[in-house]
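Student: This is what each chain is made of:
Protein chains: 2
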Amino acid sequence: MERNQKEELRALQDTLYVIGGKWRLPIINSICNGNKRFREIERSIPGITTRMLSKELKDMEMNKLVKRTVYNDTPVLIEYEPTEYCRTFGTIILSMIDWGREHRKKIIEGDTF
Amino acid sequence: MERNQKEELRALQDTLYVIGGKWRLPIINSICNGNKRFREIERSIPGITTRMLSKELKDMEMNKLVKRTVYNDTPVLIEYEPTEYCRTFGTIILSMIDWGREHRKKIIEGDTF
Numbered sequence: 001m002e003r004n005q006k007e008e009l010r011a012l013q014d015t016l017y018v019i020g021g022k023w024r025l026p027i028i029n030s031i032c033n034g035n036k037r038f039r040e041i042e043r044s045i046p047g048i049t050t051r052m053l054s055k056e057l058k059d060m061e062m063n064k065l066v067k068r069t070v071y072n073d074t075p076v077l078i079e080y081e082p083t084e085y086c087r088t089f090g091t092i093i094l095s096m097i098d099w100g101r102e103h104r105k106k107i108i109e110g111d112t113f
Numbered sequence: 001m002e003r004n005q006k007e008e009l010r011a012l013q014d015t016l017y018v019i020g021g022k023w024r025l026p027i028i029n030s031i032c033n034g035n036k037r038f039r040e041i042e043r044s045i046p047g048i049t050t051r052m053l054s055k056e057l058k059d060m061e062m063n064k065l066v067k068r069t070v071y072n073d074t075p076v077l078i079e080y081e082p083t084e085y086c087r088t089f090g091t092i093i094l095s096m097i098d099w100g101r102e103h104r105k106k107i108i109e110g111d112t113f
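Read top to bottom, the protein sequences are chains A and B. Numbering-wise, UniProt numbering puts 41 at position 41 of the first sequence, and it's gapless, one number per residue. Numbering-wise, UniProt numbering puts 70 at position 70 of the second sequence, and it's gapless, one number per residue.
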């Protein structure tokens, strides 16, 4: 039991570490939903700053969460695509979306927890 | 589609907001696993400071994630228990534990994503 709890906690903390702050999962979700251009991703996430998105996309490219492709048109076109690794977050994101929905429903219904 | 994406993002962000930083879910997991006393919870989460756990438990009590009971023995005994609300994070925590396990397996196998 003790060992198992330690192993579970380690797995949980590994995941939390990769997910990082509040923007990583919304960006992953946006890109997995088909947004490819910087401005599209930015517009799809209200509240994110250009600077923060830029920083996150750089980190995510380094960590192989997104693939960045530069097309040498004029003007230059840059597209971001989700990697397979990026898509492994699907289950977590869906369980969080479900939780958020239930939470909102309960608040609207005025339930006390 | 557009509306749906907005609603999903809002639900995701609500959840991320409630989960907050890196300690909230490990603490929820520890208490749901049966750790009741401050020192038990503290010992179950390597790296957490006494100050941080204390702050988190206060916030979590205010937000009805944990129930704090004081038993007037000598010495005073204080126990933390998960509320029903706290247990609603189960699915998210399990999906994160799964992800962390898979991630570690892949790293050990030397897979590139």
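Each hint should be verified, as a subset may be incorrect.
Copies of the same chain are indistinguishable here, so a pair counts whether it falls within one copy or spans any two.
[Unchecked claim] In silico SDA-like links for lysine to any residue, alpha-carbon gap of 25 Å or less: (1) 67 / 57; (2) 106 / 87; (3) 105 / 73; (4) 6 / 79; (5) 36 / 78; (6) 105 / 49; (7) 105 / 18; (8) 55 / 16; (9) 67 / 102; (10) 36 / 50; (11) 36 / 108; (12) 105 / 51; (13) 36 / 4; (14) 58 / 20; (15) 67 / 24; (16) 67 / 40; (17) 106 / 72; (18) 105 / 71; (19) 58 / 75; (20) 64 / 104; (21) 64 / 95; (22) 106 / 38; (23) 105 / 87; (24) 64 / 83; (25) 105 / 69; (26) 67 / 84; (27) 6 / 91; (28) 106 / 43; (29) 6 / 33; (30) 67 / 34.
Since the hints were made in silico from the structure, they are not lab data.
Student: For every hint, state whether the structure bears it out.
Tutor: So, going through the hints one by one against the coordinates:
1. 67 / 57: Intra 10 Å, inter 40 Å, cutoff 25 Å: intra-copy only.
2. 106 / 87: The answer is between: 15 Å across copies meets 25 Å, while 30 Å in one copy does not.
3. 105 / 73: Neither: 47 Å inside a copy, 41 Å across copies.
4. 6 / 79: between (41 Å within a copy, 21 Å between copies)
5. 36 / 78: within (8 Å within a copy, 52 Å between copies)
6. 105 / 49: neither (29 Å within a copy, 35 Å between copies)
7. 105 / 18: between (29 Å within a copy, 15 Å between copies)
8. 55 / 16: The answer is both: 19 Å in one copy and 19 Å across copies each meet 25 Å.
9. 67 / 102: between (33 Å within a copy, 21 Å between copies)
10. 36 / 50: within (15 Å within a copy, 44 Å between copies)
11. 36 / 108: Classified as neither: same-chain Cα gap 34 Å, cross-chain 31 Å, threshold 25 Å.
12. 105 / 51: Classified as neither; 34 Å inside a copy, 34 Å across copies.
13. 36 / 4: between (41 Å within a copy, 18 Å between copies)
14. 58 / 20: both (14 Å within a copy, 23 Å between copies)
15. 67 / 24: The answer is within: 15 Å in one copy meets 25 Å, while 31 Å across copies does not.
16. 67 / 40: Classified as within; 16 Å inside a copy, 44 Å across copies.
17. 106 / 72: neither (50 Å within a copy, 35 Å between copies)
18. 105 / 71: neither (44 Å within a copy, 35 Å between copies)
19. 58 / 75: The answer is within: 21 Å in one copy meets 25 Å, while 54 Å across copies does not.
20. 64 / 104: between (33 Å within a copy, 16 Å between copies)
21. 64 / 95: both (23 Å within a copy, 21 Å between copies)
22. 106 / 38: neither (35 Å within a copy, 30 Å between copies)
23. 105 / 87: between (28 Å within a copy, 17 Å between copies)
24. 64 / 83: within (7 Å within a copy, 38 Å between copies)
25. 105 / 69: neither (40 Å within a copy, 29 Å between copies)
26. 67 / 84: So residue 67 and residue 84 pass the 25 Å test inside one copy only (10 Å; across, 41 Å).
27. 6 / 91: both (23 Å within a copy, 18 Å between copies)
28. 106 / 43: neither (29 Å within a copy, 34 Å between copies)
29. 6 / 33: Between copies only: 11 Å across chains, 35 Å inside a chain, cut-off 25 Å.
30. 67 / 34: within (13 Å within a copy, 42 Å between copies)
Going down the numbered hints, you'll see the structure goes against 3, 6, 11, 12, 17, 18, 22, 25, 28, while the others check out.
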